[in-house]
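Spelled out, the chains give:
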Amino acid sequence: MTEPAFPQHISAALDRLTVPPVPTGFGERLAARIAAGDLPADNAAITPQIPSARRRFGSTSWRRSGRVVTVVAAFGIATATAAASGFFGEPVYVPVVSDALAKAKLVELPARTAKPAPKAVAVSEVDTKAAEVPKATGREAVRSLYDRLRADPEYRTLPRRERVAIARQEIRTLLQSGEVTLPELRQALTEHHTEIRPALKQRIERQIVRRELRERTAGPVSLQPRDAEVPSALPQRQIDPAKIEAAREAYQQLPADQKAKLAELRQQLRTAPFAERRAIRQEIRAILQSTGQTTEEKFEPANEGNSEVVR
Amino acid sequence: MATTAQVIASESDDALMARVAARDAGALRLLADRHADIPWRIAFRMLNDAAEAEDVAQDALLRLWQFAERWQAGGPGVAAWLTRVATNACLDRIRRRRFVGDDAMPERADESPLADEVIAQDDVRSAVAACIEALPDRQRAAIVLTYYEERQNRMAADILAMQIKAFESLLFRARGTLRECVEGKGVTA
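Note that the protein sequences, when read in sequence, are chains A and B. Residues 1 to 311 (the working numbering) are what the first sequence spells out, left to right. Residues 1 to 189 (the working numbering) are what the second sequence spells out, left to right.
Quick caveat, the hints were computed from the structure, so don't treat them as lab data. All C-beta atoms, glycine included, are put in the ideal place defined by N, C-alpha and C. A few of these clues could be false.
To be verified - What the simulated footprint calls covered on chain B by chain A, stretch by stretch (three residues with Cβ under 8 Å from a Cβ of chain A suffice, anywhere in the stretch; the number is not a length):
| hint | stretch |
| --- | --- |
| 1 | 37-43 |
| 2 | 59-71 |
| 3 | 80-94 |
| 4 | 127-134 |
| 5 | 172-182 |
Okay, chain A solo, but in the shape it has when bound (with noise of 0.2 Å):
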């Protein structure tokens, strides 16, 4: 139940207020106005449209919020449709608008913009630069992107997170573009961490020398690091070539039942405990003395387990 608009005693007022009859004549008076063509002036502001039979849908605060809609929704359209036909200068890439202008062959299809990099200042000046040296393709393309960055020292002042940012949109770039495979841009990327982190390269070495000094030991593997005993560089094996060429020759000689002992016993070489080395070595090393060929050169612990090296 609604509370009343009035109390009861105003409300009681209010009620005396009462309005007498239509004066008397009123139909008379109203004919003769008529007949004599007394008509009111037109007043736009009294006479209010005739009613429709039609109703309109919803109510006027919901119609005024659909006009305001369709307003905004009619010019960013409009807009779209003129940036996506080139009206403002160069035709930008709309999604839908453009793909349906080209298909109507209003305009040509425009190349898809990629989305603008976090410092827009530092990667307008690196392309400027990279519009100054000639086009590199694949793996080339990268170390020179690489190059390019680390030379600007705009790029080098700026935080981690957006150098990185930028690397990426510009590799993003180069994929888009087509002058990088994605295959080129992983074996580009590996090089180009081997490179830039000489630790890891460094720790690499020191692996390989490590595991050289524990076969030549031969005894039991600790496996507490020694770096203590880690030659700080590595040894580099002097190989002379003309003994590799004897070594290719003597092993072109042998028989082919012989040969294909010797790749069996290689294979097990590489996979045969510590302590069953010895005994395939010394087999491989009399398969080879067979030929009058010494081989000692080639099976060097150095050497173990690197086919590449004795052929």
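Following the hints, position chain B against chain A.
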């Protein structure tokens, strides 16, 4: 068997409006018999002047005559249309009063039956009439439409071309002002 007068009296407003559009003054007279009291009541309470109230009521019906050709059947109806026209006409007259002044208004004899005597005899009635007349024009219209004419807020807001929330705020203020005024004139619980 129904007489011609009975047949005419049973005609719908839309049918009568069709006849008014064909310039049948008798049909307008019939519409006036049915609905003239609506603009008369509204104008009488808003303007507190019988002569002006009759002018407003007649003008409203004459406007119906003028615009009959554009009338569309099935709409809100003649009564709603006359309510709107009478309210607008009253607001127009109230606003004109401000600039013209009462002295410049055309003199006309009050032909209502003993209106002055009735008002003079009833202090409460005259107090209420004075309080309503003292309200700002839109507040006055809001009170007349919602309290006396018993129109719904939404309909009254539509007549005054206002948003419903704005109208409700206006009505709230009008009720408060009217109550204070009436109580200030000695009407207590």
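Now for the hints, and whether the structure bears them out:
1. 37-43: The restraint on the stretch 37-43 of chain B holds, since 3 of its residues have a Cβ under 8 Å from chain A and three suffice.
2. 59-71: Since 9 is at least three, the answer is holds.
3. 80-94: As far as the stretch 80-94 of chain B goes, the hint holds, because 7 residues have Cβ atoms under 8 Å from chain A.
4. 127-134: holds (count 4)
5. 172-182: holds (count 4)
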